[in-house]
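Visitor: Now for the letters of each chain:
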Amino acid sequence: MVIRKDWRYRTKQFIAYTLLIFVLTTTLFPLYIMFATSVKPEGNILPTWDSLIPKKVTLRNYVDVWKSANFDRYFLNSVIVTFSVTFLNIILDSMVAYALSRKGFKGSNFVLLIIIATMMIPAQVLMIPLFILIKKIGFYNTYWALILPFSVQGFGIFLMKQYFDGLPKSLDEAAMIDGAGDFKILFKVLFPISKPAIAVLGINTFLTTWNSFVYPLIFTNTDNMRTLPIGIAYFNTIHGIDYVHLMAGSSIATIPVIAVFLAFQKQIISGLTRGAVKE
Amino acid sequence: MVSRKKKIRNAVNIFILLSPWIASFLTFKLYPILFSFYLSFTRYNPIRGRPPRFVGLRNYHHLFSDPTFAIALKNTVLFVVITVPITTVISLLIASVLVSSLNIRGKQIFQSGYFMPVVTSMVVIATIFSYLYSPNGYLTALIKFFGADLKYGRGILADPRYALPAIMAMDIWASFGYYTILFLAGLQSIDRQIYEAAAIDGAKGFYLFRKITLPLVSPMLLFVLVINTIRSFQIFIEVYVMTQGGPLRATTTVVYYLYETGFHKMKMGYAAAMSYVLFLIILSFTIVQKLLVRYQR
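These protein sequence lines are chains B and C, in that order. Oh and the first sequence: position 111 is 110 in numbering that gives the first Met the number 0, straight run, nothing missing. Oh and the second sequence: position 268 is 267 in numbering that gives the first Met the number 0, straight run, nothing missing.
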């Protein structure tokens, strides 16, 4: 196509850039405010042009929330829960996916159908009965409650099944002739060549678990079992106007996800659009 | 004999491979759903230590005459019918501009920037906006500049007229990047040659968008509408962190009321009934939207 460089094209381009940049600024402004406020010495948080850029930068607020507001414990809890859930999903989702993709058993389509159906159950229907169940089996206010119910998920099973379906069956057959069993085929033959799918699964599970709020809220009741989102929410209700510390706590919860996002954008976006394309 | 042994071994293996899912499905999905359904016909307060007492349809009956539930439902429906169209239009517009023939540079930067709120925890977002909407916040200063009369110098969230719209605005801000990415995926899969052929025929601008882009992107459009509607019906975290349903119930949504009923007032049977009614509402919306797709084809 011939690129027209007339004034109408230029005007349109100008309008397009103005729109995109305006929206970009609007999107980044609140996040900027969070970081900027988090490094301010206590005091000037009034909405003036002057206070947009912190004059003095201090990490004092971070030290405060980390030490005295128990954010070190929240961070540790978030790490333990997130890594356990992510690890379990990678292993367990792959096992189920392997059975569905490679074993061709009777009723496998039915299993697939149930997995789709359970993915559509809205969380609020499960809130009350899961809480009662967790209390009854003694998991209340333990890591088990934050990990076990989320250790196998439909999204991951689907993702891995799709990927395994695309790998040649001759690989398994060759391994089988060498005497390898199902687990050896799955973990020694298929796993090493499934890194892209494992990455998508791992990163997306990491993000959703790290940011998870509703279940940690209803499954825990003591301060030392709280994850970062719950810790921030409680800090908010108690010290609602202590913004410099609130923003420092929020930054602690946000820096890891932004880092992961910037490093693995491709995998995150592919994971999100995959769900959409399936429909 | 050998083949029989092999067969049994194969069956055992299949069972072991599937067992994590079977256990998780039975314990954390099937049982809770059935138990919750039963619970919705009972009166149950776990603090009292008595088992659930069967009350028939009383919970459902009560729900339809509960004025707070009516307010919660009104707020939730308002939230859905206002935010879903606005978010959809903004994200489709931005995605269209990004893939348009205007040769936008720095696509990757725009895309990453718009997506950043999506990976940020909703609690963090709600905390930042609580500050921006507070009496000392930038957004409070902004809307005062445009002539809003906030009472007694309080923040936006303390004013019943502004609180729900403020949460809506935040939700649009927080979620449009996700739908922009979905639309980008949909738009990029359209063959550019179709546009070139249409351009040769003299089609351009909005006509091109309406006659070519829209029909081709419509499966994605409907997907976006469905998932955004389902998500918006369940809005909870924002309300929990920012307003706790206030002021004067102005921001109480169905899931927030459900949480309050179940976990503060400990009326678990009533809360279970509420969750089923909301589920049915969401389901019927989804079915209507799906039927619209079929009708369009």
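Accuracy of the hints is not assured; some may be wrong.
Residues from chain B that keep clear of chain C, each with C-beta distances beyond 10 Å, as calculated [unchecked claim]:
no., residue
1, Trp6
2, Thr25
3, Thr36
4, Val38
5, Ser67
6, Asn69
7, Ile79
8, Phe130
9, Ile176
10, Asp181
11, Phe190
12, Gly239
13, Tyr242
14, Ile267
Incomplete in silico selection of chain B near chain C, CB under 10 Å [claimed, not checked]:
no., residue
15, Ala15
16, Pro40
17, Ile52
18, Val78
19, Phe82
20, Val110
21, Leu112
22, Asn140
23, Leu147
24, Ala179
25, Ile192
26, Pro195
27, Ala198
28, Ile217
These aren't lab readings, by the way, just hints derived from the structure by calculation. None of these values were measured; they are calculated from a predicted model. We treat Cβ as the ideally placed atom computed from N, Cα and C, and that holds for glycine.
Visitor: Hint by hint, note whether the structure agrees.
Guide: The hints, checked one at a time:
no., hint, verdict
1, Trp6, "holds, 14 Å"
2, Thr25, "violated, 7 Å"
3, Thr36, "violated, 7 Å"
4, Val38, "holds, 15 Å"
5, Ser67, "holds, 19 Å"
6, Asn69, "holds, 16 Å"
7, Ile79, "holds, 17 Å"
8, Phe130, "violated, 8 Å"
9, Ile176, "holds, 14 Å"
10, Asp181, "violated, 5 Å"
11, Phe190, "holds, 14 Å"
12, Gly239, "violated, 7 Å"
13, Tyr242, "violated, 5 Å"
14, Ile267, "violated, 7 Å"
15, Ala15, "holds, 5 Å"
16, Pro40, "violated, 16 Å"
17, Ile52, "violated, 13 Å"
18, Val78, "violated, 15 Å"
19, Phe82, "violated, 17 Å"
20, Val110, "holds, 7 Å"
21, Leu112, "violated, 12 Å"
22, Asn140, "violated, 14 Å"
23, Leu147, "holds, 8 Å"
24, Ala179, "violated, 12 Å"
25, Ile192, "violated, 19 Å"
26, Pro195, "violated, 17 Å"
27, Ala198, "violated, 16 Å"
28, Ile217, "holds, 6 Å"
Of the hints listed earlier, those the structure fails to meet are numbers 2, 3, 8, 10, 12, 13, 14, 16, 17, 18, 19, 21, 22, 24, 25, 26, 27, in rising order.
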